[in-house]
Amino acid sequence: MWSGRQGRLRPVGCVVEELRCRRREREAALRKARREQQLVSKRLLRDDVLEEVEGGCVAKILGEAEIQQFLRLAQRGTEEKERERALVSLRRGLQHPETQQTFIWLEGSIRTLVGLLTSSQALLQLEAARCLHELSHSEQSAVAEACLPATSYLLTYLSGHSSDFIELCLYTLGNLIVESEAVRRQLLPQGIVPALAACIQSPHLTVLEALGYALSQLLQAKEAPEMIIPSVLGSILPQHILRLLQPGPKLNLGVAVEFAWCLHYIICSQVNNALLIYHGGLSTLGLLLLDMAAAVQRTEDAGLELLACPVLRCLSNLLTEAAVEVGGGPNQLDDERVVAALFILLQFFLQKQPSLLPEGLWLLNNLTANSSSFCTSLLSMDLIEPLLQLLPVSNVVSVLVLTVLCNVAEKGPAYCQHLWPGPLLPCLMGMLASSDTEGVGQSLELLQLLFLYRPEAVEAFLQQSGLQVLEKHQEEAQLQDRVHALQKTALHR
Amino acid sequence: MQLPPALHSRLVGAPGAAEPLPVERDPAAGAPPFHFAARRVRFPRDHEFFEDGDVQRHLYLQDVLTQVTGAPERPRVPEFTCQVAGCCQVFDSLEDYEHHYHTLHRNVCSFCRRAFPSVHLLDIHILEWHDSLFQILSERQDMYQCLVEGCTEKFKTSKDRKDHLVRRHLYPADFRFDKPKKSRGPATPVATVRVSAEALGADGEQSGGDGMEVCSEHAAPLPEPVGERWIYSHRIPSTICFGQGASRGFKSTKKRKEHQ
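For the protein sequence lines, the chains are A and B, in the order given.
At position 99 of the first sequence the residue is numbered 99 (the numbering used here), and the sequence of numbers has no breaks.
At position 184 of the second sequence the residue is numbered 1184 (the numbering used here), and the sequence of numbers has no breaks.
Please note that a few of the clues may not be correct.
[Said to hold, decoys possible] Looking from chain B toward chain A, a few residues come up when the C-beta cut is under 8 Å (computed):
#: 1; residue: Gln1002
#: 2; residue: Leu1007
#: 3; residue: His1008
#: 4; residue: Leu1021
#: 5; residue: Gly1053
#: 6; residue: Leu1059
#: 7; residue: Tyr1060
#: 8; residue: Leu1094
#: 9; residue: Glu1098
#: 10; residue: Cys1151
[Claimed, not checked] Here are some, though not all, of the chain B residues that point toward chain A, as calculated from beta-carbon distances under 8 Å:
#: 11; residue: Met1001
#: 12; residue: Pro1004
#: 13; residue: Arg1010
#: 14; residue: Pro1015
#: 15; residue: Ala1017
#: 16; residue: Pro1020
#: 17; residue: Pro1022
#: 18; residue: Arg1039
#: 19; residue: Phe1043
#: 20; residue: Pro1044
#: 21; residue: Asp1092
#: 22; residue: His1099
#: 23; residue: Pro1172
#: 24; residue: Arg1176
Keep in mind the hints are simulated off the structure, nothing from the lab.
Note that this is a predicted model, so its numbers are computed, not measured.
Cβ coordinates follow ideal geometry from the N, Cα and C atoms, glycine included.
Just need the whole structure built from these sequences, with the hints factored in.
Next comes the structure, spelled out in structure tokens:
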């Protein structure tokens, strides 16, 4: 499902263990960053093939004199090839943070680079853009912000036709966008939203993926709900984003991942989700969910979790919109195949990405909470037992599983009839034996519903030493009232 | 996690749902000390519930996750020359040629041969430089449109437009694609169109300044086409005609030297 394309930085020559270690470090750093609301990542587009062609040797750090020489040659060289070569050398040198620092502090350097960016020599233009891209990727704010004089041109070029060049401009802009609010305060009046909207009808997958990336960076900004999302929603972007998420032979996973994240940032900001529902967001995402489950069944699921995460979030949050409450019509999600698809994905998550189980179960909660139809589907498709199998995974997962079961049980006797006899009660007994307060609390809620609508279950509960299990928690502050109530119910049946 | 076998066939079955079982609630359900109420939950963007998924997303962005990518496709081909009449650039890759073509030959003004980065800018150029009706109308109404796509403002003069670009859109004052047209006398020789970098300024701020910009140093347009050609669009169509009537090259000494 991935359309093979080059352009990602791959770690070269690393041992597997080194990779894992590096990944763990990265993960820890990202968690910390997120908690501090500083979660920012940039993309580097470096053409590995180009590196090979250029000799593959490690680029060295350039000093002031060398930089000046390359710039002079690039600008005023008499021979075209010579000018190109000079810029290429500069670009390779700029892979080093030291060279970047030297470069930006050199007087006139950025000005010259921008001049080359706007030259009519196409290959010089491309190389100048690559230089800017290296700078944009820097973690040093001063270096990235040095690219600001070029942004009006980068945006202008988005309306051009050269797909490689546009892709490069987009990734550069994407990197700059996350740099700081100050940068965005320049890009917004320069017309970045209309410029991005102009690209979304491009037929080139590489351009679309780059566009999705840049847009997702823009939408992730802290000030996005007030400053950015309204104008995005007012443009042609929403309907095209949904178009690019439609399942079918034209669906490209890399592109879909980026735009699914765009949609997530829009939806969870709660600016105007009714508009997305109006454009068929629910049905598109529902069909996409089915498509992903089908891909899992065909074991064509490489990288699927990257798409599943934002899609689940979008669906779950959209389901809470008032527009969805009004029954019937295309604004509703009422196809039980969605539930089937979700379970296939849950199984997939259990193997590949257990951290996605809570998000999947959140969707299941939102599907079943107010829907007798979906609760019935859970029963008729025999999904209670698979659900119970998830209880041991983690505390968070078990609370969510129990919540979904409560959604079913609270609908009344017709539903509880299918919950007992069965594996539910033994599982509940197991849960009550645990020390996780929230899990036990949710189990008590479920027990109350079960006792109320299926009184026969009380006897079975007592026979399985239910009272002794309950006693364990009768001193617990958060649980004791409910424990006592259940003890009373059980004894006075 | 064992799924019932029928589930897989349900997935490929018809849309729809079974008849829901009857709902019958007892007021005692969820009554104190219990508190369960079935409800949909929404999470805002910064909620910690999203932490794991967000971290995975960023790991992907940082390329730490391994991905399934195909082999790179940037084949080198035997050298070939640009087919546009008068252009002798040589290429050995299709991507390079694509970029060259789009930069120099795609959005070209049929009057003065200047190339523009987009159709939008080309259209504005043709209107402001080669349409005599524009000059007449602009005396009575605001005709100079803002260059930023999505902005509908119009201005009386080119200078007003520039001020708007700088103040409102934070554009650089020396934005290359917004040079005012200075009125000139009779047509000057075409040869001056290609100007070397040195001639444009010692600090090289406008390097390689041929073709792309609407620059006042450049020559006035070539002699206007006669009669009825005014009626047709003067934009070079995307289906190019190679051959008669579409000469693009300039016969300047500089150009000859470059493409030796």
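Looking back at the numbered hints, which does the structure fail to meet, lowest number first? Those not satisfied are hints 8, 21.
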